[in-house]
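Asker: Chains A and B, in that order, give the protein sequences.
By this note's numbering, the letter at position 177 of the first sequence is numbered 177, and the numbering carries on one by one without gaps.
By this note's numbering, the letter at position 95 of the second sequence is numbered 95, and the numbering carries on one by one without gaps.
Keep in mind the hints are simulated off the structure, nothing from the lab.
Mixed in with the good hints, there may be bad ones.
What the hints assert, rightly or not - Quick look at which bits of chain A chain B covers, simulated, 3 or more residues with Cβ under 8 Å:
hint : region
1    : 229-237
2    : 304-312
Said to hold, decoys possible - In silico DSSO-like pairs for lysine-lysine, Cα to Cα no more than 27 Å straight-line:
hint : chain 1 : residue 1 : chain 2 : residue 2
3    : B       : K2        : A       : K289
4    : B       : K97       : A       : K361
5    : A       : K52       : B       : K38
Please read these numbers as outputs of a predicted model, since none were measured by experiment.
Virtual Cβ for every residue (Gly too), placed ideally from N, Cα, C.
Now for the letters of each chain:
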Amino acid sequence: MKQTINIPLGSQHIALLEPVRFKFECENEKIIGVDSDVGFVHRGIERACTTKFKFDSIGYVVARVCGLCAITHSLSYTVAIEKLLGGEISKKAKYLRILLLELDRIHSHMLCLSHTCENAGFEAMFMRIMGDRELVMEIQELLTGNRVQFDYISIGGVNRDLNSTVALKIKENLYEVKQRVLGYMDEFTNNWSLSLKFKGIGALSLDDAYIFNAIGPLARASGLNIDVRNEIDYLPFDEVGFLMQTHSDGDINARNLVRLNEILNSILMCENIINGLPEGEIFTKIKGKPNGEAIVRFEAPRGELMYYVKGNGTAMLDRVRIKTPTFASIPAFSHIFVGQDYADAPAILASFDPCLSCTAK
Amino acid sequence: MKKIEVSLDTVREVIEGFYEYKKWHFLTLNGLALAENKMEVQWIFSKYEALEETVVYFAQIAYTDVIPSIVDLIPSAIISQRELVDMFGVQVEGSEKGLYLDEDSLQNPLSGCSL
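So that you can see chain A by itself, here it is in the shape it has in the complex (with noise of 0.2 Å):
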């Protein structure tokens, strides 16, 4: 009989500080089954939406699901909430919208990005690239009034416009993220910590990818022309430059590179936006109580995110509920680690970009 060893990777480990437990099964270095735990502080936030806020405040406590993602979020319950409404937004808001939504992803996979390097051990890309992230959250800060929960998105619009000084600003910062990142670039394909030692590692074939419903840039390193963008018209993705990314190889390489070209396709639609933002109101009145059913999905910086809200007519709703992209990725995270070596499971657990906030809602 073959001797066979578990060992826990979290619930608290130095690799990932959030709560999530993966129990690996090895034998000698190699993993040869997963077993996941997700439940350590769940929130009760589905239930709370439903028993204690009215639909017009649950756009700002769903966006406290995730500090990461939270646009995503509050983006995703409103668009959900003005179907049901039957209102029209203007088109000044709806490129306003997709501006936060791509800083958002932007500085999400430059945070993505720099946790890799941590584990490839490389301190100091960790450091230039969370450094260069910074330059995201002051133009974040500066279009919303907060870095993180920016409660900008609103029933029928958004809260702030975009002024002069606030666009020439982002424009700047942009142009110098976008030469940290060509810069990145070339550190994930040519370093050796970053681009050789992850070549291979962690793969999700393209075959399996579709098997798990892989989502997200996992799902693209794959080949899988999946990214919701492409799937949804609420919002008008196709006139200001979306262009999805991909890869083959499906590896930690693979989804690192997909990153990048993912930030430098939000640097361009954020560009397009400011140059081509259109004249107009940034709010438009919306009335009513939300009745009846509506699914709503965006690309979240981890993948699909989808919102199911029912309404009755009246000021509470009868469900809201948030499928989250980490926690719908936890098969194919499973799926993955099977084959690979242990001392690799760190970086490997890293280049999903896991989020346990979104997950533990």
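Once you've looked at the hints, dock chain B against the given chain A.
Answerer: This is chain B only, laid out in the frame that chain A set:
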């Protein structure tokens, strides 16, 4: 969103006939509390690279009913099946409690919470 009603007896057969893994993307399993101690279970799919094409299969069930598992057809469904068990206190074939909620926490928090 296209909604199609199914019964618990036929849902596996219906999904097996419908689901082509390179054409349809399984989004999640959803639950919705209804009056009279009933709930609605929804299996939600979207089509790859199609604009806003979402299909929802749904069944209205009693909390005591046993929901058939679709994990052999769609392996990623395991996680939302276990979530449904924890949140609504229903039984899904082969899905244990305890993924999301510990034993000492409030159980079945979404069971009838909006009623």
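Asker: Of the numbered hints stated previously, which ones are contradicted by the structure, given in increasing order?
Answerer: none
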